Amino acid sequence: MAEYKWPEPEKRSLIGKRHNRLDGPDKVTGRAKYTYDVNRPGMLYGKILRCPYAHARIVSIDTSAAEKMPGVKAVKIIQEPGKEILWAGDEVVAVAAVDEPTAEDAIRAIKVVYEKLPHFVVDHDLKAAGDQVRPAGEETRGNPDAAFAEADVVTEGTYGMAVITHCCLEPHGSIAEWEGENNLLVHISTQNVSGIAAQMAAPLEIPAGNIRVRQDHIGGGFGSKFGPDRWGIEGARLSKLAGGKPVKIMLERDAELMVAGARPSVYGRVKVGAKRDGTILAWESESWGTAGPTAGASPLQQIPYIFAIPNFRKKHTLILNHIGPARAWRAPNHPQACLLTMAALDDLAAALQMDPLDLFLKNIALTGQRAEIYREELRIAADLIGWKKNWHPRGDKTSGPIKRGLGLSIHTWGGLGHASECDLTIQPDGSVRVQLGSQDLGTGTRTAIGVVIADTLGLPLSAVTVEIGDNRFPASGPSGGSTTVGGVCSAARRAALDALDQIFEKVAPVLGAAPADLEAVGGTIRVKNNPSRSLPWQQACARLGGMPLSVRGRNPGPGTLTSGGVGGVMMADVSVDIETGIIKVNKMVCVQDCGLIINMKAAESQCYGAMIQGICYSLYEEKIMDRITGRMLNPNMEFYKLAGIGDIGELVVHMMTGKGYDERGVIGLGEPPVISPGAALSNAVANAIGVRVPYLPMTPDRVLQALEKKGG
Amino acid sequence: MRDDDRIRKESVGISRRDFLKVSGISFSVPLVMGTRIIRVAGAPVALQGPGKVPMTFTINGKKFTAELEPRVTLLDALRQEFDLTGAKRVCDRGTCGACTVLLDGKAVYACSILAIEAQSHAITTVEGLAAAGSLHPIQQAFVDNDALQCGFCTPGFVVACKAFLDRHPNPTPEEIRKGLGGNLCRCGTYVGIQAAVMQAARMQKGG
Ligand code: FES
Ligand code: FES
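Protein chains in written order, with this note's numbering: chain X, 1 to 712; chain C, 713 to 919.
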């Protein structure tokens with residue numbers, strides 16, 4: 001029986017090294033087919049008529065003109081008259097036609113009469129919400145009143161961040177086609193290849209086993225693509241109405257931004273108390289925010305973030321409004337809780353006239369089991385950004401309009417690998433294929449799987465074919481919560497070890513050794529530490545006896561190949577023009593651990609990407625709702641702003657590896673580095689201009705407003 | 713921008729001004745519609761559409777024909793008629809660069825050009841960059857520097873880099889930041905892209 005653990009550092013031939021993505025060449029040549037790129041013979045184009053009002057009741061729908069149009073093959077009312085609509089952009093009628101222009105004409109020809117109802121789209125003003133709220137809980141621990149009384153310094157602040165959208169570059173959508181009455185083939189852009197069929201089965205009234213799900217590549221998800229969504233179901237229904245012809249529905253950009261994913265906002269008033277020497281004693285917060293029409297998740301559990309302040313009182317209230325539903329957005333609730341906490345602690349440091357780095361280190365024990373990790377990461381990050389040299393007390397006192405400042409933040413995430421299975425097949429000719437129903441969100445999943453299998457079998461990465469993106473392959477978890485790389489790599493490692501065991505059995509007699517004395521190294525099976533007694537990989541596989549060897553790897557399974565819980569630190573260096581309010585990122589440093597790293601290149605890319613997304617939501621991104629019309633004002637990419645290549649400054653990533661890190665096994669990395677940028681940048685701006693810009697994104701108008709308040 | 717404007721003027725069968733002439737006089741002068749050629753102020757003007765019209769394109773050195781409505785964009789023609797899906801539709805209104813293709817060697821947003829306008833130009837898509845069997849140095853540089861994550865923005869970026877490096881064979885970081893500002897990536901691959909452009913510049917010089 002194999003021992004299920006990761007190889008010792010000196011035995012790793014590929015794990016932890018820098019690898020190019022296996023699918024890189026496909027992606028740079030345009031060969032990579034995304035759902036949006038799937039064109040099927042005889043395919044129809046689906047379009048959806050959406051409600052223009054944030055709150056309304058459908059009075060009547062007349063689709064007769066659309067139905068008569070040449071080229072229109074199916075028209076389907078999604079929400080019947082009488083239905084109450086709760087956000088602008090909700091789906092009302094779907095059509096399928098021979099080409100896109102015709103489908104668009106058909107949509108325009110449909111007449112819907114609505115009864116408009118009062119809407120509410122505000123999220124930052126708890127008072128304005130009236131009774132449109134739902135308490136999300138409150139909690140008290142220790143004795144906050146006594147602790148605040150004992151504190152030498154008490155600071156208060158208001159902080160918050162706006163609703164942002166996922167803005168996946170590949171929008172949500174699918175191509176659905178019926179193969180006979182009862183079998184559906186669906187190409188869908190999803191983070192959940194193995195889980196989609198079960199979600200489509202009930203509404204379509206067919207067994208989940210009859211639904212084949214395919215996806216080679218996905219153009220972003222970030223937490224918004226776990227389900228088939230209503231448009232996915234309606235696409236399948238349109239296909240049925242059209243005699244089974246493939247129907248493609250990909251959301252237009254405005255729909256994508258209006259209805260296909262948003263991260264809830266959070267705003268909060270925070271009070272912190274500490275002793276003169278920086279010992280943090282007490283916390284009190286009242287926070288609120290919106291996840292749209294439904295209650296949704298609350299960040300209450302994560303507040304105060306990471307620092308287990310001994311005495312606290314906290315409360316969170318959800319605002320119910322008509323802005324459309326929220327979805328998980330990379331590290332749900334953490335960036336919000338992080339900003340509220342790290343900004344409040346930064347303000348506390350300023351009031352104590354302390355360097356926030358010293359304040360964090362002084363209280364590092366409050367971070368619990370990862371205190372030493374944070375201490376080490378803070379030291380490295382401080383070195384990389386030149387903290388001691390560049391930090392100054394709040395408010396850059398140099399002359400001129402450009403003010404420079406530093407800020408820091410820490411974060412954590414679970415990242416325990418999800419349940420995953422995989423099939424590993426080794427042919428007598430030595431070829432190796434692994435299949436699983438996973439997906440590559442941009443993480444480099446394919447490559448990570450390939451690295452683990454190849455490393456274990458002693459082969460080059462190019463010797464392994466990795467197939468994912470089909471629900472006929474062994475089931476693997478959805479890609480959310482940084483669970484994928486841990487899950488799939490653990491399944492792959494077990495499969496490869498089991499396969500090796502069987503190969504050792506067959507080859508041992510040839511090499512005149514016991515199976516337990518064999519190892520797979522450098523494309524050979526050999527007697528341990530004796531390269532002269534070896535068999536090339538192909539010859540060893542030829543011993544399989546004419547039949548391929550097939551094993552199934554499972555996570556969880558025996559051995560501890562994954563664990564959860566990482567710590568990370570970010571520091572930011574910014575310049576702020578106090579005349580224009582424009583913030584420029586000079587440099588950002590990310591120091592991150594994630595257990596055993598499989599592919600260093602991809603791991604670093606995750607961090608770079610997270611920092612850039614952090615710059616986006618800290619400085620630019622905001623779902624802006626119009627109070628009067630109840631509609632989103634910027635459902636496009638010119639006014640829903642993302643950072644461009646010129647907006648990011650110098651980014652530095654340092655991955656924690658080696659002793660104390662690797663032994664924990666693989667831990668996911670998608671979420672952690674996206675948590676801190678908001679707080680680190682907010683703190684850096686406060687350090688630069690001497691006053692807190694309370695809300696993200698820190699647009700020029702908000703910067704100028706904050707400066708003005710200080711003056712007045 | 714200015715380049716795009718020029719392309720538009722040169723390429724259009726009916727110029728904007730001709731179109732205005734037509735609509736300007738259409739209340740007073742009866743037009744004969746059947747022939748697809750009308751005379752406006754004595755000059756013959758071709759009327760296209762609104763139904764499908766035959767079009768011919770030169771894409772990656774090959775001829776392609778299709779019957780398309782004049783309102784169809786070059787991007788949709790590439791993707792839907794010719795299955796050249798490398799160029800992506802993301803913003804569909806000239807903001808994100810995902811649909812970047814070359815028109816006579818210049819980078820343009822294929823979502824913002826009508827197919828009918830692109831007929832007389834040499835169109836190069838990402839599919840046309842690599843010689844058979846090997847990656848273009850820019851493509852190789854993207855792979856080497858992990859300048860892609862989900863990869864949806866990548867073809868647009870690769871094509872934009874091609875046009876950029878043709879104009880700036882020795883780019884400075886500042887030029888990269890300006891020259892590639894018309895392409896957006898949601899996953900955050902700009903660090904890799906900066907490194908890729910520098911590598912590609914070295915490789916193209918044979919370094
Ligand atoms: S799709 Fe053409 S620029 Fe965005
Ligand atoms: S790599 Fe995903 S959008 Fe750029």
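Don't read these hints as lab results, they were simulated from the structure. Just so you know, not all the hints are guaranteed correct.
Stated by the list, open to error - Some chain X residues close to chain C (C-beta under 7 Å, calculated; not the full set):
(1) D37
(2) G609
(3) G646
(4) G649
(5) L651
(6) M655
Claimed, not checked - In the DSSO-like style, the derived pairs of lysine-lysine whose C-alpha atoms are separated by at most 30 Å in a straight line are:
(7) X:K271 to X:K76
(8) X:K5 to X:K17
(9) X:K587 to X:K506
(10) C:K917 to X:K601
(11) C:K775 to X:K641
(12) C:K917 to X:K403
(13) X:K601 to X:K584
(14) X:K68 to X:K271
(15) X:K33 to X:K11
(16) X:K33 to X:K388
(17) C:K775 to X:K76
(18) X:K271 to X:K709
(19) X:K240 to X:K271
(20) X:K111 to X:K240
(21) X:K397 to X:K111
(22) C:K775 to X:K240
(23) C:K764 to C:K818
(24) X:K271 to X:K710
(25) X:K584 to C:K774
(26) C:K764 to X:K33
(27) X:K506 to X:K528
(28) C:K775 to X:K33
(29) X:K601 to X:K5
(30) C:K764 to X:K601
(31) C:K890 to X:K641
(32) X:K111 to C:K775
(33) C:K775 to C:K818
(34) X:K127 to X:K271
(35) X:K11 to X:K587
(36) X:K68 to C:K818
(37) X:K127 to X:K389
(38) C:K774 to X:K601
(39) X:K271 to X:K111
(40) X:K587 to C:K774
Since the structure is predicted, the reported quantities are computational estimates derived from the model, not experimental observations. All C-beta atoms, glycine included, are put in the ideal place defined by N, C-alpha and C.
List, from low to high, the hint numbers that the structure doesn't satisfy.
-> Numbers 4, 6, 7, 9, 11, 12, 14, 15, 16, 17, 19, 21, 22, 25, 30, 32, 35, 36, 37, 38, 39, 40 - these are the hints that the structure violates, sorted from lowest upward.
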